[in-house]
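Peer 1: Chain by chain, the residues run as shown.
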Amino acid sequence: MKHTISVLVENKFGVLARVAGLFSARGYNIASLAVSETLDPEISNMTIVVNAEDEKILEQINKQLNKLIDVITVTDFTKKDHAERELVLLKVDYSAKDKAKLEAILKKYFAKLIKHKDNSAIVEVVGEQDQIKNLLEDLKPLGIKEMVRTGKIAIAE
Amino acid sequence: MTGADILIECLRREGVELIFGYPGGQILPFFDKIYDAKINFILTRHEQAAAHAADGYARATGKVGVCVATSGPGATNLVTGIATAYMDSIPMVAITGQVKTHLIGNDAFQEADITGITRPITKHNYLVKDVKDLPRIVREAFLIASTGRPGPVVIDLPSDIQTAESEFIWPEEVNIRSYKPNYFGHPGQIKKALKLIKQAKKPIFYIGGGVILSNGYMELRELAERLKIPVTWTLMGIGAFAADHKLSLGMLGMHGTAYANHSIMESDLIIAVGARFDDRVTGRLDAFAPNAKVIHIDIDPSSIGKNIKVDVPIVGDVKNILGQLLEEIKTGPDIGAWLKEVEALKKKYPMSYREKSKLSPHYILEELYDLTKGNAIITTEVGQNQMWAAQWYNYQHPRTFISSGGLGTMGFGFPAAMGAKLGCPDKQVFDIAGDGSIQMNIQELATCVCNKINVKVLILNNGYLGMVRQWQELFYKRRYSHTCITSPDFVRLAESYGAMGIRVTKKEQVRPALEKTMETDNVVFVDFVIESEENVFPMVPAGKAINEIIEGLA
Numbered sequence: 142m143k144h145t146i147s148v149l150v151e152n153k154f155g156v157l158a159r160v161a162g163l164f165s166a167r168g169y170n171i172a173s174l175a176v177s178e179t180l181d182p183e184i185s186n187m188t189i190v191v192n193a194e195d196e197k198i199l200e201q202i203n204k205q206l207n208k209l210i211d212v213i214t215v216t217d218f219t220k221k222d223h224a225e226r227e228l229v230l231l232k233v234d235y236s237a238k239d240k241a242k243l244e245a246i247l248k249k250y251f252a253k254l255i256k257h258k259d260n261s262a263i264v265e266v267v268g269e270q271d272q273i274k275n276l277l278e279d280l281k282p283l284g285i286k287e288m289v290r291t292g293k294i295a296i297a298e
Numbered sequence: 404m405t406g407a408d409i410l411i412e413c414l415r416r417e418g419v420e421l422i423f424g425y426p427g428g429q430i431l432p433f434f435d436k437i438y439d440a441k442i443n444f445i446l447t448r449h450e451q452a453a454a455h456a457a458d459g460y461a462r463a464t465g466k467v468g469v470c471v472a473t474s475g476p477g478a479t480n481l482v483t484g485i486a487t488a489y490m491d492s493i494p495m496v497a498i499t500g501q502v503k504t505h506l507i508g509n510d511a512f513q514e515a516d517i518t519g520i521t522r523p524i525t526k527h528n529y530l531v532k533d534v535k536d537l538p539r540i541v542r543e544a545f546l547i548a549s550t551g552r553p554g555p556v557v558i559d560l561p562s563d564i565q566t567a568e569s570e571f572i573w574p575e576e577v578n579i580r581s582y583k584p585n586y587f588g589h590p591g592q593i594k595k596a597l598k599l600i601k602q603a604k605k606p607i608f609y610i611g612g613g614v615i616l617s618n619g620y621m622e623l624r625e626l627a628e629r630l631k632i633p634v635t636w637t638l639m640g641i642g643a644f645a646a647d648h649k650l651s652l653g654m655l656g657m658h659g660t661a662y663a664n665h666s667i668m669e670s671d672l673i674i675a676v677g678a679r680f681d682d683r684v685t686g687r688l689d690a691f692a693p694n695a696k697v698i699h700i701d702i703d704p705s706s707i708g709k710n711i712k713v714d715v716p717i718v719g720d721v722k723n724i725l726g727q728l729l730e731e732i733k734t735g736p737d738i739g740a741w742l743k744e745v746e747a748l749k750k751k752y753p754m755s756y757r758e759k760s761k762l763s764p765h766y767i768l769e770e771l772y773d774l775t776k777g778n779a780i781i782t783t784e785v786g787q788n789q790m791w792a793a794q795w796y797n798y799q800h801p802r803t804f805i806s807s808g809g810l811g812t813m814g815f816g817f818p819a820a821m822g823a824k825l826g827c828p829d830k831q832v833f834d835i836a837g838d839g840s841i842q843m844n845i846q847e848l849a850t851c852v853c854n855k856i857n858v859k860v861l862i863l864n865n866g867y868l869g870m871v872r873q874w875q876e877l878f879y880k881r882r883y884s885h886t887c888i889t890s891p892d893f894v895r896l897a898e899s900y901g902a903m904g905i906r907v908t909k910k911e912q913v914r915p916a917l918e919k920t921m922e923t924d925n926v927v928f929v930d931f932v933i934e935s936e937e938n939v940f941p942m943v944p945a946g947k948a949i950n951e952i953i954e955g956l957a
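Residue numbers (my numbering), protein chains in the order written: chain D, 142 to 298; chain P, 404 to 957.
Read the hints as simulated data drawn from the structure, not as lab findings.
For clarity, every value in this text was computed on a predicted model and none was experimentally measured.
Just to be clear, a hint being listed does not mean it is correct.
What the hints assert, rightly or not - If you want the footprint, here are the derived chain P segments under chain D, 3+ residues with CB under 8 Å:
1) 516-524
2) 781-788
What the hints assert, rightly or not - Cβ-to-Cβ under 10 Å is the rule here; a few derived chain D residues that face chain P:
3) Leu149
4) Arg159
5) Leu174
6) Glu194
7) Asn203
8) Ile213
9) Phe218
10) Lys220
Every residue, glycine too, gets a C-beta built ideally from N, C-alpha and C.
Start from the sequences and build out the full structure, keeping to the hints where you can.
Peer 2: Below, the structure written as structure tokens:
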């Protein structure tokens with residue numbers, strides 16, 4: 142099962158390597174990872190989506206993260222009210238015959254066409270995992286050429 | 404002051420009296436200053452030995468061990484020693500030279516990313532990039548190394564930081580907001596534990612190195628005696644409870660006593676204290692102590708619930724928590740029948756060995772115990788020598804058995820003995836070695852002789868890498884692939900370094916040789932030529948439940 146964990150860490154060099162190293166050394170799987178500044182310039186936020194088969198592994202991940210000296214807090218969003226989003230950039234086929242179809246799909250998902258050139262268009266979508274999954278399904282027949290995702294970020298209510 | 408001056412002043416203020424190390428290009432400014440400093444510096448003959456010696460010093464004294472090496476190969480040579488200390492939670496600060504800050508990342512001469520390399524084997528590490536940070540970093544390093552669950556900390560110090568000038572400002576207090584170990588047990592958890600103890604019919608204490616690290620052995624003994632609950636221990640827990648106490652069950656696990664293993668399997672309550680249910684202790688996990696509830700006391704929350712399900716976790720310092728329990732409980736449960744059962748197991752499965760034509764290692768250790776009465780410090784290498792040393796000497800005091808438990812590092816015992824001897828100069832220190840292990844750090848003979856560190860090395864020489872050979876005998880159809888080894892003439896080798904060498908081949912020579920060893924004011928190597936295919940028993944094969952024991956009788 143996938144879990145979303147938010148980790149507040151000291152904004153020092155090497156911290157990302159400590160966290161990433163912990164996951165690889167102990168055999169935990171990272172599905173996605175997003176790192177950014179917070180309002181406090183000394184603290185960074187990491188949103189990590191992990192695949193944990195059971196509660197025991199999740200508990201170990203939590204405890205092992207807390208053991209790192211540079212980790213300040215660990216929050217598991219699984220049982221917490223929160224909002225989560227991911228940003229996806231897509232390069233899609235933009236040929237004349239499908240333009241109307243494409244625009245209809247984008248409208249449905251509140252996605253935006255950022256720019257286009259020749260037969261390609263770049264599309265931006267922000268949403269929850271399910272929305273993004275559905276959008277990708279809908280766009281597939283039109284031809285997705287490339288995809289870049291930020292990984293999930295989350296914030297507690 | 405220069406960075407090097409600042410470092411030495413910080414070390415002095417941290418109470419460091421002794422440093423082990425080896426010089427080199429990028430640590431030269433520090434060495435120029437240590438030349439005049441009032442800190443005893445021991446030059447080893449290999450950086451690995453410096454790390455093990457600092458570790459042995461820490462284990463014998465409870466203080467933080469300190470070692471120093473240069474950048475690149477000097478630093479990487481410390482790695483095994485750092486990993487050894489990490490696995491056994493030993494407080495250590497390792498200082499490494501580093502290439503100048505502007506060269507870092509340039510593949511400069513003798514450059515290695517030692518903070519990167521040691522990240523998974525240290526409790527924390529630092530690369531100093533500004534000399535102004537140095538006092539704070541040293542304070543934090545000693546705080547982190549010695550508190551909570553102890554462990555090694557690396558400080559990587561570029562040579563230009565060592566020469567950089569700065570005002571010395573000593574931070575009286577350091578506060579690391581993300582590092583706040585929990586020292587006292589939660590009162591609610593203490594209550595739950597007491598309830599389980601009162602209901603227990605077959606309770607057992609299972610204790611580990613945490614009892615020694617926290618200095619909680621007095622509390623443990625008082626609690627065990629008050630409740631009359633039998634005590635078994637891990638390799639790391641040896642010495643935390645007197646081996647000849649009537650409640651003692653000895654070591655458990657793969658080479659533990661059969662009665663300890665049977666007792667814990669039969670128990671209905673395990674009170675785990677500063678131990679971590681390592682695979683060498685539990686054997687097959689799903690078969691381990693099936694009827695037992697578990698109270699687990701440990702300062703490291705990640706040790707709790709990692710391997711087995713725990714009913715009452717108590718996070719905090721072992722000494723404090725045992726003290727809290729002592730305040731709350733005055734009498735134990737009625738477990739007379741259980742104590743009788745345990746006594747019967749002791750009678751049914753006594754520790755024993757059969758003497759063969761050549762020397763028995765068991766006999767040597769028994770004689771050593773008889774002569775030292777448990778007052779010596781015993782260090783070990785790794786393998787059969789380690790297990791015999793664990794089984795056949797009756798440890799009475801904490802910090803008298805020093806061994807690489809978690810990592811199982813061959814070559815540990817000799818340099819660790821140097822550290823222990825320097826930390827406890829009034830004690831006799833013996834390294835129980837094998838002919839394989841001793842050759843992994845034998846160069847330290849020079850360090851010992853040169854500095855008059857009179858440790859005594861007892862080599863149990865069977866001509867094999869004995870423990871691996873034992874596994875090959877039992878599980879690989881006696882195909883002794885690369886375990887038969889040759890050795891130098893240890894007597895003449897010792898003599899060539901200026902140490903004393905003695906060879907013992909007969910039983911009647913054992914006691915006189917040990918007596919002579921103890922009387923001799925020099926480093927002594929005793930080459931005991933023992934039975935070549937002697938095995939360590941009892942033994943639980945890997946992957947079996949710990950009551951599936953090969954008794955052996957050798």
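Peer 1: Against each hint, give a clear statement of whether it holds in the structure.
Peer 2: Results for each hint:
1. Residues of the stretch 516-524 of chain P with a Cβ under 8 Å from some Cβ of chain D number 4, which satisfies the need for three, so the listed coverage holds.
2. Counting residues of the stretch 781-788 of chain P whose beta carbon lies closer than 8 Å to any beta carbon of chain D gives 0, which falls short of the minimum of three for the stated coverage.
3. Hint on D/Leu149 holds. Least Cβ distance to chain P is approximately 9 Å, under the 10 Å limit.
4. A distance limit of 10 Å between C-beta atoms decides the matter here; for D/Arg159 the minimum to chain P is near 6 Å, and the interface restraint holds.
5. Because the closest C-beta pair between D/Leu174 and chain P is about 17 Å apart, greater than 10 Å, the hint is violated.
6. Hint status for D/Glu194: violated, given a least beta-carbon distance of 15 Å to chain P, over 10 Å.
7. Interface hint at D/Asn203: satisfied, since its Cβ lies 9 Å from the closest Cβ of chain P, which is below the 10 Å cut-off.
8. Contact between D/Ile213 and chain P, as hinted, is supported at the beta carbon level, the nearest pair being about 4 Å apart and thus within 10 Å.
9. Because the closest C-beta pair between D/Phe218 and chain P is about 20 Å apart, greater than 10 Å, the hint is violated.
10. Hint status for D/Lys220 relative to chain P: violated, with the closest Cβ pair at about 18 Å, above 10 Å.
The earlier numbered hints that this structure contradicts are 2, 5, 6, 9, 10.
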